Each structure stands twice: as C-alpha cells, then as structure tokens.
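2 protein chains.
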Amino acid sequence: MAITLVANTPHFEESFAAFLSTKREVSEDVDQTVRAILARVRSEGDRAVVEYTNRFDRNDFTAAGLAVTPDQIAEAVAGADQKTVEALTLARDRIAAHHARQMPADDRYVDPIGVELGSRWTAIESVGLYVPGGTASYPSSVLMNAVPAKVAGVERIVIVVPAPDGVLNPLVLVAAHLAGVSEIYRIGGAQAVAALAYGTETIRPVVKIVGPGNAYVAAAKRQVFGTVGIDMIAGPSEVLVIADGENDPDWIAADLLAQAEHDTAAQSIMITDDAAFGRSVEEAVTRQIATLPRAETAAASWRDYGAVIVVPDLEAAIPLANRIAAEHLELAFAEAEAFVPRIRNAGAIFIGRHTPEVIGDYVGGSNHVLPTARSARFSSGLSVLDFVKRTSLLKLGPEQLRTLAPAAIRLAEAEGLGAHARSVAIRLNL
Amino acid sequence: MAITLVANTPHFEESFAAFLSTKREVSEDVDQTVRAILARVRSEGDRAVVEYTNRFDRNDFTAAGLAVTPDQIAEAVAGADQKTVEALTLARDRIAAHHARQMPADDRYVDPIGVELGSRWTAIESVGLYVPGGTASYPSSVLMNAVPAKVAGVERIVIVVPAPDGVLNPLVLVAAHLAGVSEIYRIGGAQAVAALAYGTETIRPVVKIVGPGNAYVAAAKRQVFGTVGIDMIAGPSEVLVIADGENDPDWIAADLLAQAEHDTAAQSIMITDDAAFGRSVEEAVTRQIATLPRAETAAASWRDYGAVIVVPDLEAAIPLANRIAAEHLELAFAEAEAFVPRIRNAGAIFIGRHTPEVIGDYVGGSNHVLPTARSARFSSGLSVLDFVKRTSLLKLGPEQLRTLAPAAIRLAEAEGLGAHARSVAIRLNL
Numbered sequence: 001m002a003i004t005l006v007a008n009t010p011h012f013e014e015s016f017a018a019f020l021s022t023k024r025e026v027s028e029d030v031d032q033t034v035r036a037i038l039a040r041v042r043s044e045g046d047r048a049v050v051e052y053t054n055r056f057d058r059n060d061f062t063a064a065g066l067a068v069t070p071d072q073i074a075e076a077v078a079g080a081d082q083k084t085v086e087a088l089t090l091a092r093d094r095i096a097a098h099h100a101r102q103m104p105a106d107d108r109y110v111d112p113i114g115v116e117l118g119s120r121w122t123a124i125e126s127v128g129l130y131v132p133g134g135t136a137s138y139p140s141s142v143l144m145n146a147v148p149a150k151v152a153g154v155e156r157i158v159i160v161v162p163a164p165d166g167v168l169n170p171l172v173l174v175a176a177h178l179a180g181v182s183e184i185y186r187i188g189g190a191q192a193v194a195a196l197a198y199g200t201e202t203i204r205p206v207v208k209i210v211g212p213g214n215a216y217v218a219a220a221k222r223q224v225f226g227t228v229g230i231d232m233i234a235g236p237s238e239v240l241v242i243a244d245g246e247n248d249p250d251w252i253a254a255d256l257l258a259q260a261e262h263d264t265a266a267q268s269i270m271i272t273d274d275a276a277f278g279r280s281v282e283e284a285v286t287r288q289i290a291t292l293p294r295a296e297t298a299a300a301s302w303r304d305y306g307a308v309i310v311v312p313d314l315e316a317a318i319p320l321a322n323r324i325a326a327e328h329l330e331l332a333f334a335e336a337e338a339f340v341p342r343i344r345n346a347g348a349i350f351i352g353r354h355t356p357e358v359i360g361d362y363v364g365g366s367n368h369v370l371p372t373a374r375s376a377r378f379s380s381g382l383s384v385l386d387f388v389k390r391t392s393l394l395k396l397g398p399e400q401l402r403t404l405a406p407a408a409i410r411l412a413e414a415e416g417l418g419a420h421a422r423s424v425a426i427r428l429n430l
Numbered sequence: 001m002a003i004t005l006v007a008n009t010p011h012f013e014e015s016f017a018a019f020l021s022t023k024r025e026v027s028e029d030v031d032q033t034v035r036a037i038l039a040r041v042r043s044e045g046d047r048a049v050v051e052y053t054n055r056f057d058r059n060d061f062t063a064a065g066l067a068v069t070p071d072q073i074a075e076a077v078a079g080a081d082q083k084t085v086e087a088l089t090l091a092r093d094r095i096a097a098h099h100a101r102q103m104p105a106d107d108r109y110v111d112p113i114g115v116e117l118g119s120r121w122t123a124i125e126s127v128g129l130y131v132p133g134g135t136a137s138y139p140s141s142v143l144m145n146a147v148p149a150k151v152a153g154v155e156r157i158v159i160v161v162p163a164p165d166g167v168l169n170p171l172v173l174v175a176a177h178l179a180g181v182s183e184i185y186r187i188g189g190a191q192a193v194a195a196l197a198y199g200t201e202t203i204r205p206v207v208k209i210v211g212p213g214n215a216y217v218a219a220a221k222r223q224v225f226g227t228v229g230i231d232m233i234a235g236p237s238e239v240l241v242i243a244d245g246e247n248d249p250d251w252i253a254a255d256l257l258a259q260a261e262h263d264t265a266a267q268s269i270m271i272t273d274d275a276a277f278g279r280s281v282e283e284a285v286t287r288q289i290a291t292l293p294r295a296e297t298a299a300a301s302w303r304d305y306g307a308v309i310v311v312p313d314l315e316a317a318i319p320l321a322n323r324i325a326a327e328h329l330e331l332a333f334a335e336a337e338a339f340v341p342r343i344r345n346a347g348a349i350f351i352g353r354h355t356p357e358v359i360g361d362y363v364g365g366s367n368h369v370l371p372t373a374r375s376a377r378f379s380s381g382l383s384v385l386d387f388v389k390r391t392s393l394l395k396l397g398p399e400q401l402r403t404l405a406p407a408a409i410r411l412a413e414a415e416g417l418g419a420h421a422r423s424v425a426i427r428l429n430l
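So the sequences go chain by chain: A and B.
Start counting the first sequence at 1; every next residue gets the next number (the UniProt record's numbering).
Start counting the second sequence at 1; every next residue gets the next number (the UniProt record's numbering).
Okay, chain A solo, but in the shape it has when bound (with noise of 0.2 Å):
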C-alpha cells in the first residue's frame, strides 16, 4: 500500500522531508569487476569483447559476427508488424520535428569598441548508444537517442545492444534504421562501454556514449568519462500526478501505473485537494493491477514507494511540486495552464486532463529521456544540445588590443601571472 501524507497535519513537513530523501536505488558496487573488463577490452580489442559477449550473453560469436549485418536489418523491417512500423515512423517524425526547433543559433558579432565575438556550435562527430538487452529493450529509447543525435548532425552513431541467448528484439532494428543508423553491434554490458571508448580492430572509437543501461553499463560509462563524453546516468523513472476531484479515478490510477510498471524502483506519486478523490484513486489502483502483464513489478513500486499526498487546496500543490521536482508532472485539472509558469522544477510537464504522460513516452515529439530522482532542479532532458558543443571565437585588431590590454595586464600582474602579463604588454612594445 503506497503512503499517504496529509498537509497541514502534525509532523507533515518531516514525513514530506523524509519521503524526498528515500533513495528508491540500491548501487551495486560492481566497479572494481567492470574495471578489469575495461582494461582488458582496452588493451586485448576484439578479443575480450568477444570473450566478455559470450560468456555473459551465452552467444557463440566471432569478432567478424558482432556488426548486425545489412541483410539481418533488412529482414527485421520486412519481418515486422506493418501498424508497429507505422506506429514508429510517425514517433521518428514527430521527434525529429520537435527536436528540430532545438538546433542552437550561432552568434557572431563585433562589440562597441570593435571586438569581435561569437559562440559557434558544431556537432560531435561520434555517438555511441547503448541500448538494454531483454525486457528493457525498448525501440521508443533508441528514437529518442539517435534522432536526436541525426537532428544534431552527428556523422557517425553506433548502436551496441546485447543479444542475450542470441535474442535480439527486431524492433530496436527497425527503430535504428528508421533513424538511419546502420552500425549496430551484437554486445552489451561494460565490455560494450570498452570497445566504444577504447575502440577495438571491428569496432572504431566513439567521442561520446549514450543511453540507458544496467549498474555495469552505468559504472562503465562513468569509467570512461574524460576519454569519452557521457550522458546523465538514468535513474529510476517517476510522475508526479497533481488531480482534483474532477477525474476519472480510474485515469488517474492507469497514469500511476504506466509509471509504476517500468521497475520496482519506479515512482508514483499524486497529490489531491480530494481525500476522498485519493482513496477511490488507490481503489482502481488495486483493481487495475491485477490485470497487468506486468502486475508484480507495479505492486511492489506502488507498494514500497507510491504516494498519496492530500493537500488543503491544489494552490499548496505548487511547492511541493517544486521541492518534488519529478521526471514527469501530470497537471489533470481545468486552470493546468495558469500552474505552469509557477512550476520550476520538473522534466516534463503534461497539461490537462487529456495528457497522458505516455503520450511523452512515444509520440508527442518531446523527449522521453529526462531527469530523475529530483535532478530537473538542476538539468534537463536529452536534447539536440547533447550532441553538440560550443566553441567561442574572439577576435581582436591592434587598437582594440590597446583598449583592452591594460586591463588585462593589471589583472594579469594582480594575480601574479608574469608570462600573461608580457603575453599582450610585448604586442604593444610595453
């Protein structure tokens, strides 16, 4: 049974308090075993990669049978369910359009005194994605990465995802090319992280690595961070429902379980200004479960760590969101819009009684990778700013390094630095 917390109760602020700071993950401390993996992938290639791929994914691979070949991609796409295929090509072209208006503008122009400036955004030149094996092998996420990374202009992205008992899920091949990518590798796990930073004879280097991944691929990646770019490090996926008296009770509970479905660690939480509204949410809840394919998962989420919280008016909402700061924010009540501008910390927020978050999760056009675990106080979901970086460009004539250059000499000598100092004196024959 999830918690209830009720405001303007007794001790309500040290329960809120409490509830902020669960940790909803356990780390597995897996980073002295993913190191030799790394040092051995890095220093023996394709051999350790094929060695680690076969043992932990039981295949029987060569190094020459680790790239997904032309001909197996192609079967996928032939093979696959035309309404599935459909279904994710309108996703593809939703994404790339959004994404599209994320594109940073140059900027270049001359100052008052004649200096010139500017900021100028290239693409990184190599992605690497990383996408789970099994159940979590998920053709959305691999739309929502490389898309992104095309949209950028990203020359070069290679998919790695393991094939556990030869397994591997068609779809995620046909999502990869209907992203147009082509260079696909049959490994997962800290060995896959390896031979993208490290590069192996089969497999070239890549500048960054992205995607989402188990404590291994995680522990990987922030190994290799400084050799290679890396993404943020997913957490556990969680939706704040914010929900007057006015919903269905049984939309609402199927939100908190679309949430709750995804992991054990998986966080639902709704606030209400209708305890009564609350307690017939927690009802279809229970009744909904039953009837999940993947109904153990969702009871122990909601269980351990769904929550119920019952504020005096949904204008007390607002704070508590803010502190909340939740991957996904349902606002499912008739002024949605007039919240908006109030809520400051959130991933994604979904308006009105008509957006499911799922619709985020596949075809909206926005990103459904976004910041978990209270971290939208301080980043933002993937985007086209991901997969590109920023250079700055100054450029100054003599008399507007004579303008300048005493200030700079000034704060040079201030700071003791001798050979900054002489640097731009000795342009000026000081």
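These aren't lab readings, by the way, just hints derived from the structure by calculation.
Here the structure is a predicted model, which means the values were calculated and not measured.
Keep in mind that a hint or two might mislead.
Here are the computed distance ranges between Cβ atoms for each label pair [claimed, not checked]: (1) B:R58 <-> A:E296: 57 to 65 Å; (2) A:E51 <-> B:D313: 40 to 48 Å; (3) A:A97 <-> B:D313: 40 to 48 Å.
For glycine and all other residues, C-beta sits at the position ideal for the given N, C-alpha and C.
Following the hints, put chain B in place on chain A, whose structure we already have.
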C-alpha cells in the same frame, strides 16, 4: 626541452598518437578520505565543518565566524588598488554583455495537428561557487563563474573560499562584490563541498556546485553529484598556437609561457610550417622563462609537456588541431579567419596575431572556463546554459489524443507495457 614532431617523417603518426594520449594529471586517490569528510559534515553539520576548517586551513574559526561579514567585504573593496577594481569592473561588464546573448529563448508552439509543445527555461534556484585559496585564488575566475549565474537569473549564489592561515585574497571579495554575491564562507576542501551539498545549521544547501579545486574538491564534487548538480571537472590548462613564420618569435613564446606558468601539468603546443621559426620560438621561450615570477612552474611544464610540431604547410595543421581539440587555440597567421570554419574541436579560438589567449582570460567577454584534456570534442565552455534547465511542455485536447492514441497504444503493446497502453486507451473508452 619540449619535444619536436615533424609531419611527413617516418613514425610521425605513431609519435603524434602517443603525444595525444599522454596523461598530464596524476589523479591522487583521495576517495576514501573525502567519503569520510562528507559523511561527517552530513551528520554533524557546522561542528564538523569548523573542525576540518581549523585543522586543514590552520584557522581558529567558530561556526559564527565562517561567514564573511558585510564589513569585511566593504573593507576589501575600500582597500583595493583602484586600477585593479576598474579592471575587474571592465571584465565584469564585458562578461555580462557577452553572456546575456547566451540566454536561451523559450519555445511554445502548436503543431499541425493541434498538439501544443514547448521548451521552457528556468534558472537553477541556488548555486555554490568554489574558489580555491592560496596562489590559485583568482578574482577573474570568480567573475567567470558568478556573472553567468547572475545573468541566468540564479537568485542565490554562495561562494566558499578557504583562508589558509587566515589569509583570504581581498580581490576575491572585491570580485564577488562586483558580481553581486554577498554570501561568502571562509571554508574550503571537501568539507566546503559537503556543506554546500547537504547544508549545515549555518549554511543552507545549494542545488548546484561549480568552480575549480584540488583533488579533494574534485573528488567531493563527484561524490555529491546527484544530490546536487556539478560542472565539469577541469583538468590542467592547455594552449595550441598555430603560427606561420611571419610572427615575432617573442610574441608566440610569451603566449606559450602564459599557459605553462599556470601549472607544471599545463601544456603549450605550437604548430608551425616554418621549422626555423619553430627553433626561434624555442630559443625565445628559454630566454623569457628566466625572467618570470613563476619560472620554475613554466620551465617544468614546457620541459615535460611542451611540443613544437612542424608541418609542411598550414593546411596540414587543421586535422592535427581537430585531433588535439585544445582548450585554447590561437590562429596567428594572416588567413586565420578562413581557417575558423574548418576547426571543429576547440574550447575557444583566438583569431589573428593580435588576439593573445590572455585577453580571453580576463577582459574579452567570453568565458575562461573551457573544456580541457581533449574534451572539446564533446563539451563546451561554461555559459549561461550551465545555470538554467529546460522543462518540456506537452498539451493535448481530446481530439489530438484521439489522433495520436493508436500509435501510442501500438508501441506500448509492442514494448509489453500494459499500463502504458491502458493509460491512453481508457481516455478514449477503448
């Protein structure tokens, strides 16, 4: 003596690749020590901060004495050299003007089927800025970190700066004052990072921590990441100067030494198409080192990591520069402007013979916090973007939901997520 590599000679590629992969930083293993400090500050608050501060920095502060008072700030401003204050003011104004152009615009729009989408940017609520003590206590770095945060709209900026043996660089207080920061604590090391991340009785926690520090500070930032956001972990600084034979060797030597004097692990590289000019620069470096206040540091950096690379023509410098991906890149030749679009990887480009990198350190207006150690291949310098975060907005009415529902349900089912499918279907009475 710096190494010399000559392109188009046997083994150049091997030597260059080895040169690229040279590690300049010895990472001390301080993780265990830092972990203990963080845990104690987290559980004991002020008491632990005061004890560590007095022990490591040889202070005798009480908790009440950690904060710098308004009087102390006023005293520092009143006592500062007026020309230096003016130089800092010029720097502040130029940094503010440049960074104001980086503020990202919100985007809210309706797509062809009536779905409302948006990206909304908000400032991070509070930021802690770490400022090192001792010789690396640079007022210019205070401005480079605090001014973009102010421009972004961060309401609360907190500076921590240790006062080893009671000594605090008054210009750090002046720079803070000019940047509009008045909440300053005389603490440093892992204990300061812990205080900012977890809060104490005296110091309210912040949401993100930025700024450079030693190995303890870097390890502490890595460990509190997740609880708070952090900026990049900066490594030792580097410059790449591409210069033809028409330059004054003394100008280029001064530029190389301006980088080398920072740190024995700093790196100065020159690429030239004129071997004789290269030798003249090396002679000038040797001559100039002798007269520098930080001669020993500069000499060690140049000896251990300095490099002169001779190429047949400047054209050949471009692929090398893109592989080096220098933090600072100077283009000291007449046709510099034409090369700019062809440089893909660099933190900042200084264009032409009259733009020494040092101008960018102080008064150019662009930021001097830039990606080091080849990370310009995948990351950018500090900017306003580091102090804001983006929230996605999505809003559907019943009609849009009806349009997108079939594809969303199809994908949810393909991924085996029954509650996802239901969350959409239930709203259509499917």
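Hint-by-hint comparison with the structure:
1. For the hinted restraint 57 to 65 Å between B:R58 and A:E296, the CB-CB distance of approximately 58 Å keeps it satisfied.
2. Hint check: A:E51 to B:D313, Cβ distance near 46 Å, so the stated range 40 to 48 Å holds.
3. Checked against the hint of 40 to 48 Å, the pair A:A97 and B:D313 passes, with Cβ atoms roughly 44 Å apart.
In terms of the numbered hints stated before, the structure departs from none.
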